[in-house]
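Which chain is which? The protein sequence lines are A and B, in order.
So for the first sequence, our numbering puts the first residue at 1; every next one is plus one.
So for the second sequence, our numbering puts the first residue at 428; every next one is plus one.
None of these hints come from the bench; they were simulated from the model.
One should not assume that every hint holds.
Claimed, not checked - As a list, the in silico BS3-like pairs of lysine-lysine whose alpha-carbon atoms are at most 25 angstroms apart:
{"id": "1", "chain 1": "A", "residue 1": "Lys249", "chain 2": "B", "residue 2": "Lys506"}
{"id": "2", "chain 1": "A", "residue 1": "Lys245", "chain 2": "B", "residue 2": "Lys435"}
{"id": "3", "chain 1": "B", "residue 1": "Lys435", "chain 2": "B", "residue 2": "Lys479"}
{"id": "4", "chain 1": "B", "residue 1": "Lys506", "chain 2": "A", "residue 2": "Lys245"}
{"id": "5", "chain 1": "B", "residue 1": "Lys506", "chain 2": "B", "residue 2": "Lys479"}
{"id": "6", "chain 1": "A", "residue 1": "Lys65", "chain 2": "A", "residue 2": "Lys245"}
{"id": "7", "chain 1": "B", "residue 1": "Lys492", "chain 2": "A", "residue 2": "Lys245"}
{"id": "8", "chain 1": "A", "residue 1": "Lys30", "chain 2": "B", "residue 2": "Lys492"}
{"id": "9", "chain 1": "B", "residue 1": "Lys435", "chain 2": "B", "residue 2": "Lys506"}
{"id": "10", "chain 1": "B", "residue 1": "Lys435", "chain 2": "A", "residue 2": "Lys249"}
{"id": "11", "chain 1": "B", "residue 1": "Lys492", "chain 2": "B", "residue 2": "Lys479"}
{"id": "12", "chain 1": "A", "residue 1": "Lys246", "chain 2": "B", "residue 2": "Lys479"}
{"id": "13", "chain 1": "A", "residue 1": "Lys249", "chain 2": "B", "residue 2": "Lys492"}
{"id": "14", "chain 1": "B", "residue 1": "Lys492", "chain 2": "B", "residue 2": "Lys506"}
{"id": "15", "chain 1": "A", "residue 1": "Lys245", "chain 2": "A", "residue 2": "Lys273"}
{"id": "16", "chain 1": "B", "residue 1": "Lys435", "chain 2": "A", "residue 2": "Lys246"}
{"id": "17", "chain 1": "A", "residue 1": "Lys415", "chain 2": "A", "residue 2": "Lys245"}
{"id": "18", "chain 1": "A", "residue 1": "Lys273", "chain 2": "A", "residue 2": "Lys415"}
{"id": "19", "chain 1": "A", "residue 1": "Lys246", "chain 2": "A", "residue 2": "Lys416"}
{"id": "20", "chain 1": "B", "residue 1": "Lys492", "chain 2": "B", "residue 2": "Lys435"}
{"id": "21", "chain 1": "A", "residue 1": "Lys416", "chain 2": "A", "residue 2": "Lys273"}
As the structure is a computational prediction, the values presented were derived from the model and not from experiment.
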Amino acid sequence: MSAFLMPSLGADMEAATLVEQLVEPGAAVKHGDIIAAVETQKGVIEIEAFEDGILEKWLVELGTKVPVGTALANIKSKQRYQALELSTDQDDPAPGTPEAPQPQDPAPPPNQPEDPAPQDPSPQPPSREIPTPELPDPEIQWPTDLAGSPTTDQKPRPRITPAARRLAAQAGIDIDTIGAKDPEAQISRADIAAIATETHSKGKPEPSTEMRTAIAAAMSRSKREIPHYYLSHQADLTNADAFVKKTNKNRPPENRLLLGALYVKAVALAVQKVPEMNGYYQNDRFQPSQDINVGLAISLRGGGLVAPAILNACAIELDDLMSAVADLVSRVRAGRFRSSELTDATITLTSLGDRAVDQLYGVIYPPQVAIVGIGTPSLRPWVHEGQIVPRLIADLTLAADHRVSDGRRGAFFLKKIADSLFNPESL
Amino acid sequence: MTEQDLSKALTEELHRIAPDVSPDDIDPTEDLRDECDIDSMDFLKLVTALGKRFNLEMPEADYPKMRSFESLVHYLRAKIA
């Protein structure tokens with residue numbers, strides 16, 4: 001059995017509130033299943049199970065704010081159970097033997113030789129920024145006598161739209177106090193807005209203050225710890241733009257591409273060639289990631305931004321990538337995304353869109369080691385096939401960690417992205 | 428469908444995307460994306476929603492005709508008629 005812990009969803013998170021238990025005790029869970037939702041500075045985030053097993057019991061009540069690393073639930077792990085049987089002649093781990101919850105996952109990656117063998121066939125899990133879990137308080141041992149009994153009394157969960165929940169979190173409003181009035185009614189964003197306006201006049205903090213605090217913490221840490229170096233390169237996007245227009249010509253709006261999808265793919269493919277841009281700098285060393293999860297900096301209405309990831313971006317076809325990006329942006333702006341999306345980014349892409357300025361130099365999101373910026377494309381005089389002609393040009397920038405890579409590799413990386421965008425059929 | 432109906436429909440769809448923008452604050456002759464602070468992804472969602480609502484193709488080549496609130500309403504009216 002293992003404890004399912006409150007994960008750290010970023011370098012800046014210390015605690016969060018459990019707001020939804022989405023699995024009943026006794027139900028089977030699989031790796032990747034969404035089993036809970038927690039409210040953080042960044043909004044409501046869905047938390048996924050790390051392993052297969054049976055959820056035995058919830059250890060934290062709804063609405064409780066607990067520190068990162070706290071055991072939220074006991075999960076009886078099939079693998080672990082079998083491993084115990086095989087590995088030991090000691091006391092038979094017969095069912096019913098109380099056992100202290102063993103936080104086991106995610107373990108910090110073991111120290112590896114200086115030169116990690118690239119041919120290592122075992123995929124390294126992307127390391128999450130989770131402090132080594134401490135053993136939960138012995139008081140919360142899994143009590144066998146409670147195994148079959150109903151869980152502690154729970155208040156009916158208030159029904160609330162995601163947008164309303166997000167607004168409530170931003171405004172620091174306790175949803176339970178609203179839901180109590182009429183448990184049947186769904187709480188809307190307008191309800192929360194009305195309450196927020198009311199309490200705002202009483203001197204509550206501005207909405208999005210917490211988001212600002214979270215960004216401040218992460219970016220301060222980045223500038224304090226990471227020796228950034230910066231490069232830029234002008235990329236000819238004329239072909240990419242023509243490719244998108246041609247593709248979209250006979251498509252209904254919902255199937256249309258945006259240049260942004262091409263950017264994601266181009267970055268992911270370039271990372272394959274320059275793996276030192278992809279991974280985490282932790283414990284005084286670089287840990288490259290096998291997975292290529294491109295974090296997208298997505299701005300939120302009303303200020304702030306988050307950078308959840310498109311997982312395994314280089315394996316996704318362009319059309320599916322576009323759907324994934326559209327889906328992610330929608331969910332982020334509605335205030336609902338998954339824990340793995342928030343923690344698993346291995347490199348970040350930030351694009352200014354089509355109406356801003358020429359260049360942006362990003363600040364690396366720790367513990368990542370690189371961030372690619374794409375400025376607003378504009379028509380500029382350009383030498384193309386020996387003639388000066390107007391071409392659609394965008395400035396690509398790279399901020400990378402000098403502890404991990406040097407300018408020469410960074411330049412190669414940026415050129416790879418520009419080359420892919422010049423040959424959009426290759427994406 | 429009258430211009431008023433179309434304005435109402437467009438206001439509704441805009442509210443889904445930019446719930447913090449009051450319809451009264453939108454200058455109908457100014458650039459709609461600037462007025463509502465919406466990016467290309469949001470605009471694509473708006474076009475998708477309007478296309479479904481009125482069963483229109485809304486081709487990308489017509490985007491320049493959808494620049495402002497007013498021009499978008501005129502565009503819809505011409506296409507639906």
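Against the structure, the hints come out as follows:
For a cut-off of 25 angstroms, the pair hint linking Lys249(A) to Lys506(B) stands: about 18 angstroms separates their Cα positions. Between the alpha carbons of Lys245(A) and Lys435(B) the distance comes to roughly 30 angstroms, so the proposed pair goes past 25 angstroms and is violated. A distance of roughly 16 angstroms separates the Cα atoms of Lys435(B) and Lys479(B); the hinted pair therefore holds under the 25 angstroms criterion. Annotation: proposed proximity of Lys506(B) to Lys245(A) holds, straight-line Cα distance about 22 angstroms (limit 25 angstroms).
With a C-alpha separation of about 13 angstroms, the suggested pairing of Lys506(B) with Lys479(B) holds against the 25 angstroms cut-off. Distance hint between Lys65(A) and Lys245(A) is unfulfilled; the C-alpha atoms sit about 49 angstroms from each other, more than 25 angstroms. For the suggested pair Lys492(B) and Lys245(A), the alpha carbons sit about 17 angstroms apart, so the restraint of at most 25 angstroms is met. Proposed proximity of Lys30(A) and Lys492(B) is contradicted: the alpha carbons are some 50 angstroms apart, above 25 angstroms.
With a C-alpha separation of about 17 angstroms, the suggested pairing of Lys435(B) with Lys506(B) holds against the 25 angstroms cut-off. For the hint pairing Lys435(B) with Lys249(A), the CA-to-CA distance comes to about 29 angstroms; that exceeds 25 angstroms, so the pair is violated. Only pairs whose Cα atoms come within 25 angstroms are accepted, and Lys492(B) paired with Lys479(B) is accepted, the gap being roughly 18 angstroms. A C-alpha spacing of about 22 angstroms is found between Lys246(A) and Lys479(B), which places the hinted pair at or below 25 angstroms, so the restraint holds.
A hinted pair counts as satisfied when its Cα atoms are at most 25 angstroms apart, and Lys249(A) with Lys492(B) qualifies at roughly 16 angstroms. A hinted pair counts as satisfied when its Cα atoms are at most 25 angstroms apart, and Lys492(B) with Lys506(B) qualifies at roughly 12 angstroms. Our distance criterion of 25 angstroms between C-alpha atoms is broken by Lys245(A) and Lys273(A), whose separation comes to about 28 angstroms. For a cut-off of 25 angstroms, the pair hint linking Lys435(B) to Lys246(A) is broken: about 33 angstroms separates their Cα positions.
For the suggested pair Lys415(A) and Lys245(A), the alpha carbons sit about 24 angstroms apart, so the restraint of at most 25 angstroms is met. Simply put, Lys273(A) and Lys415(A) have alpha-carbon atoms about 11 angstroms apart, close enough for the 25 angstroms limit, and the pair holds. Of the pairs offered as hints, the one joining Lys246(A) and Lys416(A) holds, with about 24 angstroms between alpha carbons and a cut-off of 25 angstroms not exceeded. A hinted pair counts as satisfied when its Cα atoms are at most 25 angstroms apart, and Lys492(B) with Lys435(B) qualifies at roughly 19 angstroms.
Distance hint between Lys416(A) and Lys273(A) is fulfilled; the C-alpha atoms sit about 8 angstroms from each other, no more than 25 angstroms.
In this structure, the hints that do not hold are numbers 2, 6, 8, 10, 15 and 16, in rising order.
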